[in-house]
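Engineer: Each chain is listed here by its residues.
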Amino acid sequence: MWKRAIFAAIVVSLMGAAAYASFFIAPTERTMGTLQRIFYFHAAAAWAGMTAFSISFLANLLYVWRRQPRWDSLGVSSAEVGLAFITTVLITGPIWAKPAWGIYWTWDARLTSTFVLWLLYISYLLLRTLIEEPDRRALLSALFGIFSFLDVPLVFGSIRWWRTQHPAPVIMGDGSSGLDPTMKATFFFSVLAMHVLMAFLIIERNRLEKLRFEVDVIRHELEVA
Amino acid sequence: MSLLANTGVLLGKELKTEFRSRELLTTTVVFIIIVLVLFSFTFDPLSDEARRFGSGLLWLAFLFAASLMLQPCFLREQANDTLSALRLSVSDPFAIFLAKLAANTLFLMITELLLLPVFAVMYSVPVLGVLHWLTLVFFLGSLGVSTAGTALSSISAQARMRELLLPLLLLPMLTPILIASTEVTAALLDRSPYVLWKGIGFLVAFDIVFLTALWLFGEYLLEE
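Chains as they are written, first to last, in the working numbering: chain R, 1 to 225; chain B, 226 to 449.
Here chain R stands alone, though its shape is the one from the complex (with noise of 0.2 angstroms):
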């Protein structure tokens, strides 16, 4: 109980220090004035997400590895945790687009297959309350999720070179994209705040699903009894 609490107002104290730190310490941008600090929010939650992705992915092949529930849980966990985060970037970015592009929506790249990506995964969740027995729900989703996964690559591909006008990544792009270090500390400190909020996220998510698997047994075994 103890270390919940404690996590949690770590979790706290870290994204109120993101949010001062995007506010008021980060420097103006030229052009998009305050406006542009919605990207501390904005990039972070989107590397969140896909972080949280990846750890479905994960836990869904040790699911089909292992056939432990745990995975399972896991992999279903950090899917609707990634699904939150990946909201939140599909929500903050035509919020910041309108005034900086002039419309809200773009079919560039990292949009469209953000936006491709956050389908699949509602399938995921969709196709795992379709399914009633648990072993084969667990499995059968596990796999969906590992064909999902495997796709995102091929979708981002074929939209970058077909479908794109949009300027080059400023993170991790070439040398001439570049940001402010102020704006850079900022910003791995917002990406390091969401990822720690992501993952007590999923920690509590899945404490859930354990809880919830225990109540099914319980419940089965009344009806047996």
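Quick caveat, the hints were computed from the structure, so don't treat them as lab data.
Computed list of chain R residues with no C-beta within reach of chain B, every gap over 12 angstroms:
#1 L14
#2 P27
#3 A84
#4 K184
#5 V191
#6 L201
Simulated restraints, written as ranges between beta carbons of each label pair:
#7 B:V234 with R:W107: 42 to 48 angstroms
#8 R:W105 with B:F266: 23 to 29 angstroms
#9 B:T437 with R:T28: 47 to 53 angstroms
#10 R:V224 with B:R312: 26 to 32 angstroms
#11 R:A100 with B:D273: 30 to 36 angstroms
#12 R:V12 with B:M386: 39 to 45 angstroms
Note that CB positions come from ideal geometry on N, CA and C, so glycine has one too.
Given the structure of chain R, go ahead and fit chain B onto it with the hints provided.
Structural biologist: Here is chain B on its own, set in the frame of chain R:
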């Protein structure tokens, strides 16, 4: 060797089942014609627009049709309770998938090639000069669609609301195929046609990725 022999026998069975009734082929052809006619109402089909949008419409119609056509692939086995027998009859379950996806690729190719002249006439797009290239794109595209589709149809067959579920699982996953095939087809239907090698390479890559994934994970999809 036994994999190929098994696949051959199973493919024969798939083809025999279909050509006895021709249910899948007829319904799919009719479905695509309906979609193409309905599309023609949404813009002027005899203008330059048809050239620009034509290939996209064609592939969109193919994908929708495929998501219907792939439906019975495993449902039929389940309804007749033949899946376990099928599983027992082969040493490698991958043979079941290979046979089914080969049959589905063939059915899709047949429908596509049957409908190409209809499309060419209705939208007044000349296709004869690039027919061999179009056939190649149809093959690579259909192979990718069938590979992913056969895998997902075995998943959806085991869930509730299966008829609705397959398109939901399949269509987002086929985004790369839709984009690449549309681009290659558009280049071929251009006023001065050319072959978009990058697109063809991409389709080959998609097919290889999904065939490998199916080879690695296929046996788990059919677990009892």
